[in-house]
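*Asks:* Start from the sequences, fold in the hints, and give me the full structure.
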Amino acid sequence: MSLEPADTSLPPGRAPSIRDVARVADVSYQTVSRVINNHPSIRPHTRQRVLDAMVELDFRPNRAARRLATKRSFTIGVVVTVNGAYYGPTSMVGAIEDAAREAGYSTLLASPRSAEDTAITEAVEHLIGEGVEGIVMLAPQIRTAEAIAGIRTAVPVVLMQADHVGSAPGLSVDNELGAALATRHLLGLGHTRIAHVAGPADWTEAQARVRGYTSALAVAGLEPVAVVEGDWTAESGYTAFQHLVGHDLTAVFCANDQMALGLIHAAADRDLTVPNDLSVIGFDDVPESAHYLPPLTTIRQDFDELGRRSLHHLLARLHATPPHDEVPVRPSLVVRASTMRPRG
Numbered sequence: 008m009s010l011e012p013a014d015t016s017l018p019p020g021r022a023p024s025i026r027d028v029a030r031v032a033d034v035s036y037q038t039v040s041r042v043i044n045n046h047p048s049i050r051p052h053t054r055q056r057v058l059d060a061m062v063e064l065d066f067r068p069n070r071a072a073r074r075l076a077t078k079r080s081f082t083i084g085v086v087v088t089v090n091g092a093y094y095g096p097t098s099m100v101g102a103i104e105d106a107a108r109e110a111g112y113s114t115l116l117a118s119p120r121s122a123e124d125t126a127i128t129e130a131v132e133h134l135i136g137e138g139v140e141g142i143v144m145l146a147p148q149i150r151t152a153e154a155i156a157g158i159r160t161a162v163p164v165v166l167m168q169a170d171h172v173g174s175a176p177g178l179s180v181d182n183e184l185g186a187a188l189a190t191r192h193l194l195g196l197g198h199t200r201i202a203h204v205a206g207p208a209d210w211t212e213a214q215a216r217v218r219g220y221t222s223a224l225a226v227a228g229l230e231p232v233a234v235v236e237g238d239w240t241a242e243s244g245y246t247a248f249q250h251l252v253g254h255d256l257t258a259v260f261c262a263n264d265q266m267a268l269g270l271i272h273a274a275a276d277r278d279l280t281v282p283n284d285l286s287v288i289g290f291d292d293v294p295e296s297a298h299y300l301p302p303l304t305t306i307r308q309d310f311d312e313l314g315r316r317s318l319h320h321l322l323a324r325l326h327a328t329p330p331h332d333e334v335p336v337r338p339s340l341v342v343r344a345s346t347m348r349p350r351g
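Remember, my numbering sits 7 above the position in the sequence shown when you count from 1.
Accuracy of the hints is not assured; some may be wrong.
Stated by the list, open to error - Have a look at the derived ranges for each label pair, beta carbon to beta carbon: (1) R79 x T280: 57 to 67 Å; (2) R21 x P51: 29 to 39 Å; (3) L116 x H46: 25 to 35 Å; (4) L115 x H250: 19 to 29 Å; (5) A323 x I135: 17 to 27 Å; (6) E333 x R277: 40 to 50 Å; (7) L116 x A323: 17 to 27 Å; (8) Q249 x P51: 36 to 46 Å; (9) R277 x G157: 43 to 53 Å; (10) E63 x R150: 20 to 30 Å; (11) R150 x E242: 21 to 31 Å; (12) T199 x H133: 24 to 34 Å; (13) N283 x E132: 51 to 61 Å.
No lab work stands behind these hints: they were computed from the structure.
Remember, predicted model here, so these are calculated numbers, not experimental data.
Each residue gets a CB set at the ideal place from its N, CA and C atoms; glycine is no exception.
*Replies:* Laid out in structure tokens, this is it:
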């Protein structure tokens, strides 16, 4: 290795090349290529020297040239079958994109016009036509997940958040556990009259959260006071509260934070304060939940971990290696000011 500092100057108007990076890093251009392609044989300190040289030269790998040289697209398809306004799916798509970028892949998003089988098939065929190497599908609705599980494709496909419908257990949050944590928190505070505002019945996550709620109550020897179905929106949480009036409640577990927001608003319109008159807990831990009035106690999901897992699981399929993380992602309880012991 040369002890002299490398010359990083380039002729005016010429963009840095892979050989310029090799010269500055004092390695072969083949080594630079291996770093760009995330080859596992590169030693960490060598990889860092190459990365530092790339930053110093402001070098950006030419993806088109990379594809021609390797005859690979280094592109992952992502199919989302739900409304992009939902916090959970939107967060998971962002997490997949980040994980793919870290692994040297780009992503191509497809959003079917509907959840019908033909629309989903068209989205998959479109991505395959664009040369994706694999597809991550986010399909939390039961019927949609079942349809996707039956599709046969020329590239590997992994399902996220499709509990027990053709997906790996490690590619979903343990929603049943999360709901049990929420319910146990309320039970631990002394609440025995606990209602639940559920998500749409055709979502696997919503079903799992109902199971977690009812099982935690059963262990305590209690029955559900009421279960009202919402559609994940704050408006449906507001409406759900109207159906809970008269049930002599002291606490409500909402299946997501947006519905909790609507429910808190509806309670305030009836001159009830949270948590003095009614404790409320949500699910998801959206960024705004810490700024609700009052700040919302909720269940946190690790969407970044889900994104990493889905990408790693897909790469394992591509390279015919065993996947890691075969257990669901564990959620956690975040206690804020919207829950307290019942008065009296």
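*Asks:* Honestly, do R21 and P51 meet the 29 to 39 Å range at C-beta?
*Replies:* For R21 and P51 the Cβ distance comes to about 31 Å; the hint holds.
*Asks:* Given a hinted range of 19 to 29 Å, is it respected by the beta-carbon distance of L115 and H250?
*Replies:* 42 Å, violated
*Asks:* Look at the Cβ atoms of E333 and R277 and judge whether their distance stays inside 40 to 50 Å.
*Replies:* 47 Å, holds
*Asks:* If I claimed the Cβ atoms of T199 and H133 lie 24 to 34 Å apart, would that claim hold in this structure?
*Replies:* 52 Å, violated
*Asks:* Go ahead and decide if the range 17 to 27 Å is satisfied by the Cβ distance of A323 to I135.
*Replies:* At roughly 20 Å between Cβ atoms, I135 and A323 fall inside 17 to 27 Å, so the hint holds.
*Asks:* How does the Cβ-Cβ distance of R277 and G157 compare with 43 to 53 Å: does it lie in that range?
*Replies:* 47 Å, holds
*Asks:* Just tell me: holds or violated, for the beta carbon distance of R150 and E242 against 21 to 31 Å?
*Replies:* 24 Å, holds
*Asks:* May I ask you to test the hint 36 to 46 Å on the CB atoms belonging to Q249 and P51?
*Replies:* 59 Å, violated
*Asks:* Is 20 to 30 Å respected by the C-beta to C-beta distance linking E63 and R150?
*Replies:* 53 Å, violated
*Asks:* Is it true that the C-beta distance of R79 to T280 lies inside 57 to 67 Å, as the hint says?
*Replies:* Between R79 and T280, where Cβ atoms are some 59 Å apart, the hint holds.
*Asks:* Please check whether L116 and A323 have a Cβ separation lying inside 17 to 27 Å.
*Replies:* 22 Å, holds
*Asks:* Quick check: does the Cβ-Cβ distance between N283 and E132 fall within 51 to 61 Å?
*Replies:* 56 Å, holds
When held up to the earlier numbered hints, the structure conflicts with 4, 8, 10 and 12 and fits the remainder.
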